[in-house]
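With chain A held as given, fit chain B with the ligands onto it using these hints.
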Amino acid sequence: MIPAAFEYHRPSEIGAALDLLQTHGDEARVLAGGHSLIPMMKLRMAAIEHLIDLRDIADLRGIHIDGTRIRIGAMVTQAELITHEGLASAAPILREAALQIADPQVRYMGTVGGNVANGDPGNDMPGLMQALGAEFDLAGPSGTRTVAARDFYEAAYMTAREDDEILTAIRFDATTGGFAYEKQKRKIGDYATAAAAVLITRDGDSVATASVAMTNLADTPIWSQAAADALTGTTCDAHAIRAATDAALADIDPTEDNRGPVEFKRHVAGIIISRAIARAWSRA
Amino acid sequence: MSKTAIKLNVNGKTEELLVEPRELLIYVLREKLNLTGPHVGCETSHCGACTVEIDGKSVKSCTMFAVQADGAQITTVEGLSTPDNLHVLQRMFREHHGLQCGYCTPGMITRAHRLLQENPNPTEADVRFGIAGNLCRCTGYQNIVKSILAAAAEINAAQEAAE
Ligand SMILES: Cc1cc2nc3c(=O)[nH]c(=O)nc-3n(C[C@H](O)[C@H](O)[C@H](O)COP(=O)(O)OP(=O)(O)OC[C@H]3O[C@@H](n4cnc5c(N)ncnc54)[C@H](O)[C@@H]3O)c2cc1C
Ligand code: FES
Ligand code: FES
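Sequences listed follow chains A and B, in order.
In terms of numbering that gives the first Met the number 0, the first sequence has 47 at position 48, counting the first letter as 1, and numbering is strictly consecutive.
In terms of numbering that gives the first Met the number 0, the second sequence has 1 at position 2, counting the first letter as 1, and numbering is strictly consecutive.
Isolated chain A (complex conformation) (with noise of 0.2 Å):
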């Protein structure tokens, strides 16, 4: 398994890759912690003749939190999300989440930044994002913009981003209330048969908003606003949970593979989203 040959470069400024991916056009592409592409590389499924590595762009790193607004650094790794202790007050279901994929030795270099910009329906980031409803910042030529992660995902592998763009940082409002990521996978290492994100607020006995999320149930990450209005303003009770995961099911399109056929992953994925959905409202 040995790559087809690039040329590597490694620039300490952002402008600097920039210009690289714009010299370079189609046969460039930028290396984050490489656990999705370098895999493919050897596949020889991503033909690149210029790898442009990300590392040591210092911009591109570090978790800050202001107030209720939170910036990750598209390089943060999963590992840095997992320990470190502001996220996990302002935005517990990071933490959750990433302690779901793959093993730790995929998380020491797995960054958050390419587990969002990669399109791999099949990666957990991206319907997190959804349910936090989250910005992702990008940097290309003619400057920076700001896209939605919920119109970030286009298909599979196919997203907002251009080209010439670097995904530079993820931003969200700190959480409150329940949250849950749950997720069913055949074993470590494995990525979802299905897997939800809720994150509910409480008012009194009932629920007063709602957000659910689904990871590989479609080409895309599904973020359900029908959900969300079945479950607000009712006490989450056993008939509100069914209603809302109904809703949920049927913003869904799994494909069969060789994780079930398309019956078996609705039958898992009503059963995560339940789960997700009573875990979220147990803790809010």
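Because the hints were derived from the structure by calculation, they are not lab data.
Computed from a predicted model, the values in this text were never measured in an experiment.
Cβ coordinates follow ideal geometry from the N, Cα and C atoms, glycine included.
Just to be clear, a hint being listed does not mean it is correct.
As the list claims (entries may be wrong) - Okay, the calculated beta carbon distance ranges per label pair:
#1 A:A159 x B:K56: 24 to 34 Å
#2 A:P260 x B:E162: 36 to 46 Å
#3 A:G14 x B:N8: 39 to 49 Å
#4 B:N118 x A:G66: 27 to 37 Å
#5 B:C137 x A:T143: 44 to 54 Å
#6 A:G61 x B:R136: 33 to 43 Å
#7 A:K186 x B:C100: 13 to 23 Å
#8 A:G61 x B:N118: 22 to 32 Å
#9 B:C137 x A:V261: 33 to 43 Å
#10 A:A249 x B:S80: 53 to 63 Å
#11 B:N8 x A:A15: 20 to 30 Å
Chain B with the ligands in isolation, oriented as in the chain A frame:
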């Protein structure tokens, strides 16, 4: 394709090398530096037999290009001890039958080494979760977990005695 000059610090020794950017770190360690402790099990980022420590992280060296490690501090299983003076993890693996064929062992031990640095008092569940990226086809893991817990206990006892 032109070669790139890199400098690695491996097991405390500085190594200057010329590599092709596409060369994976595992092959540079094994074939250029003759460090055959890290093994190639799957080559697909799943088994952990190739695990080494890089700047305080456990890394699957089959999923990293050697050029990415330019400037890094690397520890392989060879760097943990000498044949006459085994590391406590190695002694405990021997004592508790933590290995059979031994193929996964260098990866298990380098991973366990990092795990105990980060969590000196792991529970059994912590150990199992912490070595989830390392596969063993022989032992059924039971004795590997036992060995790591025994090593943790011995390291802690030695530390207490020193204080
Ligand atoms: C055994 C194994 C199991 C795994 N299991 C899971 C799992 O269960 N869930 C999960 O979510 N992931 C899983 N992964 C994938 C892992 O989380 C990856 O690390 C992650 O998908 C990509 O992050 P990376 O930093 O490694 O990106 P890379 O592999 O470096 O890059 C991935 C893609 O994103 C692009 N990219 C990276 N950074 C940027 C940026 N800042 N701007 C623009 N484009 C960028 C690259 O050009 C490339 O196309 C697994 C990986 C392995 C090897
Ligand atoms: S050889 Fe690297 S993970 Fe198996
Ligand atoms: S001892 Fe044989 S693979 Fe683990």
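Against the earlier hints, flag every one the structure doesn't satisfy and list their numbers going up.
-> 2, 3
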